[in-house]
Amino acid sequence: AQTVTQSQPEMSVQEAETVTLSCTYDTSESDYYLFWYKQPPSRQMILVIRQEAYKQQNATENRFSVNFQKAAKSFSLKISDSQLGDAAMYFCAYIRIQGAQKLVFGQGTRLTINP
Amino acid sequence: NAGVTQTPKFQVLKTGQSMTLQCAQDMNHNSMYWYRQDPGMGLRLIYYSASEGTTDKGEVPNGYNVSRLNKREFSLRLESAAPSQTSVYFCASSDLGRFLSGNTIYFGEGSWLTVV
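Going line by line, the protein sequences match chains A and B. For the first sequence, the numbering used here gives the first residue as 356, with consecutive numbering after it. For the second sequence, the numbering used here gives the first residue as 8, with consecutive numbering after it.
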């Protein structure tokens, strides 16, 4: 079974600084998607960024970028120029393309932004 | 707005009562999901449906039943609610494929369920 692990329950960063959230996953599949979701106190699930496993280029979305290391099964999220509105729970998630497409989440990392 | 709609948003149940959480999506997605999220934790999959008429157990299916009668709707039923089922429940839908543009997973806004 696929598993996703986020080893940092909590992280904090100064406003305008850069922070990196870690995620590792375990799978025997070669084709899959990886996601980072943001969950503010409202509990809404907001897609931050996604990465297709067949793409070697790391995904970027404005201040958010990933470091995708397929061989190491690592998928970290870098947030540049952190803003107060970035404070939230962040979840890493995995879904395979073939067969049962069950989206699997990590345990989450609570990110605090210090003004 | 297009998306995933869950009802009810809030519900308080007494132990032993039954209820059904409703979920509907209007994006013609094949896959639908039910998750629960306990305080300070990630989302755990309860049940998954790959298409109309098919369902599959997830990580925490005990105490729940589901029904996927058509492509749009995927309901979650608690037959005899227990305090351990107090949680926030999320429905989601997707239609992933390499050649689909904008492919992602869409979530409902969550249903807060308290069992006393």
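Among the hints, erroneous ones may be present.
Said to hold, decoys possible - Only pairs whose alpha carbons sit at most 25 Å apart, straight line, appear in this in silico DMTMM-like list of lysine to aspartate or glutamate:
#1 A:Lys425 - A:Glu370
#2 A:Lys457 - A:Glu372
#3 B:Lys64 - A:Asp381
#4 A:Lys428 - A:Glu370
#5 B:Lys21 - B:Glu59
#6 A:Lys433 - B:Glu66
#7 B:Lys64 - A:Asp386
#8 A:Lys457 - B:Asp33
#9 A:Lys428 - B:Asp102
#10 B:Lys64 - A:Glu384
#11 A:Lys457 - B:Glu66
#12 A:Lys410 - B:Asp33
#13 A:Lys457 - A:Asp381
#14 B:Lys64 - B:Glu116
#15 A:Lys428 - B:Glu66
#16 B:Lys78 - B:Asp45
#17 A:Lys425 - A:Glu407
#18 A:Lys457 - A:Asp386
#19 A:Lys428 - B:Glu59
#20 B:Lys78 - B:Asp102
#21 A:Lys410 - B:Glu116
#22 A:Lys425 - B:Asp102
#23 A:Lys428 - A:Glu365
#24 A:Lys457 - B:Asp63
#25 B:Lys16 - B:Glu116
#26 A:Lys457 - B:Asp102
#27 A:Lys433 - B:Glu80
#28 A:Lys410 - A:Glu372
Stated by the list, open to error - Listing some non-contacts, in silico: residues in chain B with all C-beta distances to chain A over 12 Å:
#29 Leu20
#30 Gln44
#31 Thr61
What the hints assert, rightly or not - One side of the interface only, derived from the structure: several residues of chain B facing chain A at Cβ under 8 Å:
#32 Pro15
#33 Val19
#34 Tyr55
#35 Val95
#36 Ser101
#37 Thr111
#38 Glu116
#39 Gly117
Hints listed in this document are in silico derivations from the structure and should not be mistaken for laboratory results. Built from N, CA and C at the ideal position, the CB exists for glycine as well.
Now for the hints, and whether the structure bears them out:
1. A:Lys425 - A:Glu370: violated, 31 Å
2. A:Lys457 - A:Glu372: violated, 35 Å
3. B:Lys64 - A:Asp381: holds, 20 Å
4. A:Lys428 - A:Glu370: violated, 30 Å
5. B:Lys21 - B:Glu59: violated, 32 Å
6. A:Lys433 - B:Glu66: violated, 29 Å
7. B:Lys64 - A:Asp386: holds, 22 Å
8. A:Lys457 - B:Asp33: Holds: lysine 457 (chain A) and aspartate 33 (chain B) sit about 20 Å apart, inside 25 Å.
9. A:Lys428 - B:Asp102: Answer holds: lysine 428 (chain A) to aspartate 102 (chain B) is near 24 Å, not above 25 Å.
10. B:Lys64 - A:Glu384: holds, 20 Å
11. A:Lys457 - B:Glu66: Holds: lysine 457 (chain A) and glutamate 66 (chain B) sit about 10 Å apart, inside 25 Å.
12. A:Lys410 - B:Asp33: violated, 30 Å
13. A:Lys457 - A:Asp381: holds, 14 Å
14. B:Lys64 - B:Glu116: holds, 22 Å
15. A:Lys428 - B:Glu66: holds, 22 Å
16. B:Lys78 - B:Asp45: violated, 28 Å
17. A:Lys425 - A:Glu407: Distance of about 10 Å is within 25 Å: holds.
18. A:Lys457 - A:Asp386: holds, 14 Å
19. A:Lys428 - B:Glu59: violated, 33 Å
20. B:Lys78 - B:Asp102: Distance ~12 Å between lysine 78 (chain B) and aspartate 102 (chain B) Cα, so the pair holds.
21. A:Lys410 - B:Glu116: With a Cα-Cα distance of about 31 Å, the restraint between lysine 410 (chain A) and glutamate 116 (chain B) is violated, given a limit of 25 Å.
22. A:Lys425 - B:Asp102: holds, 23 Å
23. A:Lys428 - A:Glu365: holds, 21 Å
24. A:Lys457 - B:Asp63: holds, 9 Å
25. B:Lys16 - B:Glu116: OK: lysine 16 (chain B) and glutamate 116 (chain B) at ~8 Å, within 25 Å.
26. A:Lys457 - B:Asp102: holds, 12 Å
27. A:Lys433 - B:Glu80: Outside the cut-off at roughly 37 Å; violated.
28. A:Lys410 - A:Glu372: violated, 28 Å
29. Leu20: It holds; leucine 20 (chain B) is separated from chain A by about 19 Å at its closest Cβ, greater than 12 Å.
30. Gln44: violated, 7 Å
31. Thr61: Non-interface label on threonine 61 (chain B) violated, nearest chain A Cβ at 10 Å vs cutoff 12 Å.
32. Pro15: violated, 15 Å
33. Val19: violated, 17 Å
34. Tyr55: holds, 5 Å
35. Val95: This interface hint holds because 6 Å falls under the 8 Å limit.
36. Ser101: The hint holds - serine 101 (chain B) has a Cβ within 8 Å of chain A, the shortest such distance being about 7 Å.
37. Thr111: This interface hint holds because 6 Å falls under the 8 Å limit.
38. Glu116: holds, 6 Å
39. Gly117: With Cβ-Cβ at 5 Å, under 8 Å, it holds.
Hints 1, 2, 4, 5, 6, 12, 16, 19, 21, 27, 28, 30, 31, 32, 33 from the earlier list are contradicted by this structure; the remaining hints agree with it.
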